[in-house]
Amino acid sequence: MLSIENLSVAIRRPGRQVAALSDVSFAVRPGEVVGLVGESGGGKSMVARAVVGLLPGGSHATGRVLVEGADVLRMDDAALAAHRGRGAAICFQNPRGALSPTRTIGRQLVDRLTTHQEMSGDRAREAARELFEAVGIRSAQRRLDAYAHELSGGMAQRVMISLATGCAPGLLIADEPTTGLDVTLTREILRQFRHAADTDERAVLLISHDLASIAEVCDRVVVLYAGTVVESGPAAQVLREPAHPYTRALLRSVPDVGGRPVVATPGTMPLLTRAPENCPFVARCAHADDTCASRRPPTEPLAGTGDWSLACFHPQTRPLDAGTPPTPATPVGGAAVAGPVPQRAVLEIEDAHVVYRSRFGSGGHHALRGVTLRLGPGETLGVVGESGCGKSTLAKLVMGLVAPTSGTVSVAGQALVKQPGRPRPRGRALRRARTRAQLVFQDPIGSLSPRRTVGDSIAEPLRAAGLSAAERDARVAAVLDRMELDRAILRRYPHELSGGQAQRIGIARALVGEPDLIVFDEPTSALDVTVQAQILDVIADVAADADRASVFISHDLATVRGFADRVVVLYLGRVVEEGPVDVVFDTPRHPYTRALLGSAPRLGATAGSEGAGVELVKDLEEADAAAGCPLAARCPFVTDRCRSERQELQSYGESRAACWRVPELPALIGRQAVTP
Amino acid sequence: MRIFRFVIRRLLQLIPVLLGVVLLAFLLVRVLPGDPVRSILGPNATEEDAAAARARFGLDRSLWQQFLDYLGGLLTGDFGTSIQSGSSVGSEMALRVGPTLELVVISVTIALVVATTLGIWSAKRANRVGDHSVRMFALAGNSVPEFWLGLVLVLVGYSILGWFPAPNGRVDPDTNLTPLTGADLVDAVLTANGPAIASATAYLVLPVLTLVVGVVAPLLRSVRASALEVLHSESYAAAKAHGLRDRTLHRGYLLRATLVRLPSLAALVFGTAIGSTVLVEYVYSWQGFGQWALRGLLYRDYPVVQASVLLIALCYVLVFLIADVVHAILDPRVRL
Chain A
9 MLSIENLSVA
19 IRRPGRQVAA
29 LSDVSFAVRP
39 GEVVGLVGES
49 GGGKSMVARA
59 VVGLLPGGSH
69 ATGRVLVEGA
79 DVLRMDDAAL
89 AAHRGRGAAI
99 CFQNPRGALS
109 PTRTIGRQLV
119 DRLTTHQEMS
129 GDRAREAARE
139 LFEAVGIRSA
149 QRRLDAYAHE
159 LSGGMAQRVM
169 ISLATGCAPG
179 LLIADEPTTG
189 LDVTLTREIL
199 RQFRHAADTD
209 ERAVLLISHD
219 LASIAEVCDR
229 VVVLYAGTVV
239 ESGPAAQVLR
249 EPAHPYTRAL
259 LRSVPDVGGR
269 PVVATPGTMP
279 LLTRAPENCP
289 FVARCAHADD
299 TCASRRPPTE
309 PLAGTGDWSL
319 ACFHPQTRPL
329 DAGTPPTPAT
339 PVGGAAVAGP
349 VPQRAVLEIE
359 DAHVVYRSRF
369 GSGGHHALRG
379 VTLRLGPGET
389 LGVVGESGCG
399 KSTLAKLVMG
409 LVAPTSGTVS
419 VAGQALVKQP
429 GRPRPRGRAL
439 RRARTRAQLV
449 FQDPIGSLSP
459 RRTVGDSIAE
469 PLRAAGLSAA
479 ERDARVAAVL
489 DRMELDRAIL
499 RRYPHELSGG
509 QAQRIGIARA
519 LVGEPDLIVF
529 DEPTSALDVT
539 VQAQILDVIA
549 DVAADADRAS
559 VFISHDLATV
569 RGFADRVVVL
579 YLGRVVEEGP
589 VDVVFDTPRH
599 PYTRALLGSA
609 PRLGATAGSE
619 GAGVELVKDL
629 EEADAAAGCP
639 LAARCPFVTD
649 RCRSERQELQ
659 SYGESRAACW
669 RVPELPALIG
679 RQAVTP
Chain B
31 MRIFRFVIRR
41 LLQLIPVLLG
51 VVLLAFLLVR
61 VLPGDPVRSI
71 LGPNATEEDA
81 AAARARFGLD
91 RSLWQQFLDY
101 LGGLLTGDFG
111 TSIQSGSSVG
121 SEMALRVGPT
131 LELVVISVTI
141 ALVVATTLGI
151 WSAKRANRVG
161 DHSVRMFALA
171 GNSVPEFWLG
181 LVLVLVGYSI
191 LGWFPAPNGR
201 VDPDTNLTPL
211 TGADLVDAVL
221 TANGPAIASA
231 TAYLVLPVLT
241 LVVGVVAPLL
251 RSVRASALEV
261 LHSESYAAAK
271 AHGLRDRTLH
281 RGYLLRATLV
291 RLPSLAALVF
301 GTAIGSTVLV
311 EYVYSWQGFG
321 QWALRGLLYR
331 DYPVVQASVL
341 LIALCYVLVF
351 LIADVVHAIL
361 DPRVRL
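One line per chain: the protein sequences are A and B, in this order. First residue of the first sequence? That's 9 in my numbering, and the numbers climb one at a time after it. First residue of the second sequence? That's 31 in my numbering, and the numbers climb one at a time after it.
It is worth saying that the hints were derived from the structure and are not from the lab. All values derive from a computational prediction rather than experimental measurement.
Here are some of the chain A residues that sit facing chain B, going by a computed Cβ distance under 10 Å:
id, residue
1, Val60
2, Leu62
3, Ala89
4, Ala97
5, Cys99
6, Gln101
7, Pro109
8, Thr110
9, Arg115
10, Asp119
11, Arg120
12, Thr123
13, Ala156
Backbone N, C-alpha and C define an ideal beta-carbon position, used for all residues, glycine too.
Use the sequences and the hints to build the structure in full.
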């Protein structure tokens, strides 16, 4: 179907030359899902652009990109127009941005159907509804008239898939289709691509930076590094026994819910100005020797395998240490809190509710429904849940950025925001109290002021606290050393930073005022996997400080497991399970926790891993919280009692869960497995 | 339905706005140096004559009293009596508004169509010869003073080519046009007066052209900028990568997304155009609202100035209301 042969793309612009791709060759056959994996800047998107003939200006491509025998690089305008959509269709990375904001999504789909499948208007509208249903959009008829801004992230991605399949392409390309989606949705979306390959015999090219999460649905994977293919082979085998050091590094950087520690790979990908003459990974590779530095390894099939090839002088053969249990007792954070909860609580939340009122009239969105938390110094709390479950509201509540509708919140014993029936500090005292809690944001570059230097940004909390210039400089220098950043970075502006550097700056800014509490709000979800591993190392180090408490919010369960002491699982604004992190992850009690863990990708994935195996029946946005258990609408084990009775947290062993059926669950799951 | 509620709410907001405008106009015109009574009396009038004239126009009473009288008159639709002409300001204004509105509305409409077409055309050829020349011409037109452009157009279009009538009115009096609204083209169409339609159109061409050239540049610039933004947007790239036809792309994915930001600028331009008409009307002897308001101001004809300020304010508010509604219709993300 798709066959790329020796594709090289060089981008020449005044004062800049980039070798985006060098000698890339691989093929995708009909009915096959191929994963294209690597860090950003590795050339993944460039491959996608080359396939649809949309290379950026100033680029010069050599080699051949054959789609059904025709070379895309040599097509004239008419042939390209016919090829785009019908030959190959892309699902774009940011679906909400890729949908036109001023046209209903139904019309956008109809446009594709009438263009590529020669349907009449009415017939196309009917087909559009069917396509929407096929990708799992409920009340599809109504959704046809929706606009892009009315869709959630997962829904927008589904629409994007339906748009791409609506072109009836021979080749379906998905560019990072699951970035920013939570685990349950990721699985569902990836399944859609597998489905497209299986039922319609389409060739699917799946582009991602996260090998572990896409490997499950792929037949084969191709690993790109600095514009070169370093390894390609059957997905299951590459995942189990990756042979190229870079593939191993990629896999090791991904935290795993099994508790395997993250191994960060130092350094960053080089930006090549021309095709490399040595191994591009040489600077970061532990196995590199003189040969690697002087010659570029040829791509050769691995001995004794049919379809597995790699470009390395030192192929590794050992399986990645995925199956091994975590090295005993290295909860990096808070070794100090083994005993009873300490006297002084840094963060206390008592039955807090947050309701966002709608602008006019009554009603509103109930974001938090009675959350009680207590966090002592040195403790690290992980907060997990799907998007929309109230995680970010919890962060805002802790920071004093939203007021609780009822209940109380105190940081270091003080209220940061107006609360029912409590005094709160004002003016200077309030400002001082606010410095006790700091936030690290999800978008590292967006959270720094674009017009201030890094140095100014880091020193800002100190200036607010009224420290002298000399003292400020000393504190900034100290925190910079801790983040392993060079002093020269202080004079730079945010747009000159890489994502990893910017997030280190964000952490430095939070840390510099020596707060009692740091809230990390999805600090790594916008970063590449290898950078993510480096940042997680830094965060683990910060969270281990004995006199500070940390809250780590993430939809990625695996990142939480790395260093949190305790974990709470949020669902629709309620805590459904809480307990020590290993207990919750190894022996989950609540059906929701089981479902979350079941959806999380595991390395060396043995399907149906222990304890999990719960499949939720609907998407979050379609379930409304009824009077009883909030999960009732989605839980496969729901009974009438669940629907009517509010569930309180009850102790089961070391953890607590808000579900009365916990003791019966293992038996129920067993039965479900027999009769699906 | 929501748009209807929004319009009602905005129309209710109009009342305090206009009250404020009335008060400000009333005070400011009296703060200006100059005496309206002196300007009608002539050089030999005595103090007694002046006092008598003041009493005739009620200018001898306290400011407060005058304002209440004026306000009471407004409520019954009475704009007062012109000091200069002695006739009713309301009926004078009614005569003058039509021609000017006709001029401005036609000009701004043509300017919008031209700007949209050329702006998108130009954005599709960004940084090529066509794009640069369109922008240069627009900029040059914008830089030329309207009265000068008007004179040049008269010179070329009437004196040299002889294609258009002399700048001496709005319609040929021989066509026996019955005035209804004051807007001659509209009247001609309403009375199905064929020769009058031709004549009014011919008279309109040059002044409309003058105004269009004056206002098209900012509109064009804005359309081109937002069209470029849309062309470079992810959503357009996605539609293109899915191989949609050029016509579908243009109509469905470029046009509406580009026009989203135009209405508020168009409203501003409409306001500017009302201001520009003063000079254009002067050049073409249009006998419109702008000329009338200017003369009122020069002679400190209080009721005329107040009435014209009030009318311009009303126009502004209504045009911006229309712009907001159009914006909301174009852009589904806007909530009213």
